[in-house]
Amino acid sequence: QKEVEQNSGPLSVPEGAIASLNCTYSDRGSQSFFWYRQYSGKSPELIMFIYSNGDKEDGRFTAQLNKASQYVSLLIRDSQPSDSATYLCAVAGLGNQFYFGTGTSLTVIP
Amino acid sequence: GAVVSQHPSRVICKSGTSVKIECRSLDFQATTMFWYRQFPKKSLMLMATSNEGSKATYEQGVEKDKFLINHASLTLSTLTVTSAHPEDSSFYICSARSGASTDTQYFGPGTRLTVL
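Chain order of the listed sequences is A and B. Each residue of the first sequence is one higher than the one before, starting from 1 at the first, in this note's numbering. Each residue of the second sequence is one higher than the one before, starting from 1 at the first, in this note's numbering.
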């Protein structure tokens, strides 16, 4: 069973702070890692993907991957109330399927 | 990013009727499309994976005869909920992937089905 684990939260941070979202996965053969954001009642939208160990930055978002520890994280700098959503971690390997975590609910408090 | 559309966005039907949901990739060819359902405040649940021109692969516990999936072209997949019942009421979301197995999945906006 290939698993992707996320803390369901809720995670609350004050506006302007850094939000840190974590994800672990069980399949060492995983090759691609994705973060999606899902607002209530809407479908997921892609924020970032990362393939290589290390950090990848895109605006206020930074994805961090550590394959040895089977760990991927998403940092949101200068958090805004509009960042309040559920964040889904997804992992893909050589097979045909993505494996999604159950999501972490983030609330940014004004 | 790539655009995936779904139609209809919302449908209400009577128990016993069948409902068809379309999923289209608008600006890329989707070799693989996925169908998910999601209950309120719950995580995505993969129902099936479909590759263009071949039969869909259903997840354990998903009835093939109830949820008919057709992936007739590289830009269109359809999900038909046959003889819908109130317990089928849910948010159905499709996603599409262009090529390599590790390529990004892009999600459609979802279809909210309510069965009376």
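Because the hints were derived from the structure by calculation, they are not lab data. Please note that a few of the clues may not be correct.
Listed next, the in silico EDC-like pairs over lysine to aspartate or glutamate satisfying Cα-Cα at most 20 Å (straight line) [as the list claims (entries may be wrong)]:
#1 A:42 x B:88
#2 B:20 x B:65
#3 B:14 x B:87
#4 A:67 x B:103
#5 B:14 x B:59
#6 B:42 x A:27
#7 A:56 x B:63
#8 B:41 x A:83
#9 A:67 x A:15
#10 B:42 x A:58
#11 B:20 x B:88
All values reported here derive from a predicted model rather than from experimental measurement.
Outcome of the hint check:
{"no.": "1", "hint": "A:42 x B:88", "verdict": "holds (18 Å)"}
{"no.": "2", "hint": "B:20 x B:65", "verdict": "holds (14 Å)"}
{"no.": "3", "hint": "B:14 x B:87", "verdict": "holds (12 Å)"}
{"no.": "4", "hint": "A:67 x B:103", "verdict": "holds (18 Å)"}
{"no.": "5", "hint": "B:14 x B:59", "verdict": "violated (26 Å)"}
{"no.": "6", "hint": "B:42 x A:27", "verdict": "violated (23 Å)"}
{"no.": "7", "hint": "A:56 x B:63", "verdict": "violated (41 Å)"}
{"no.": "8", "hint": "B:41 x A:83", "verdict": "holds (17 Å)"}
{"no.": "9", "hint": "A:67 x A:15", "verdict": "violated (31 Å)"}
{"no.": "10", "hint": "B:42 x A:58", "verdict": "violated (28 Å)"}
{"no.": "11", "hint": "B:20 x B:88", "verdict": "holds (13 Å)"}
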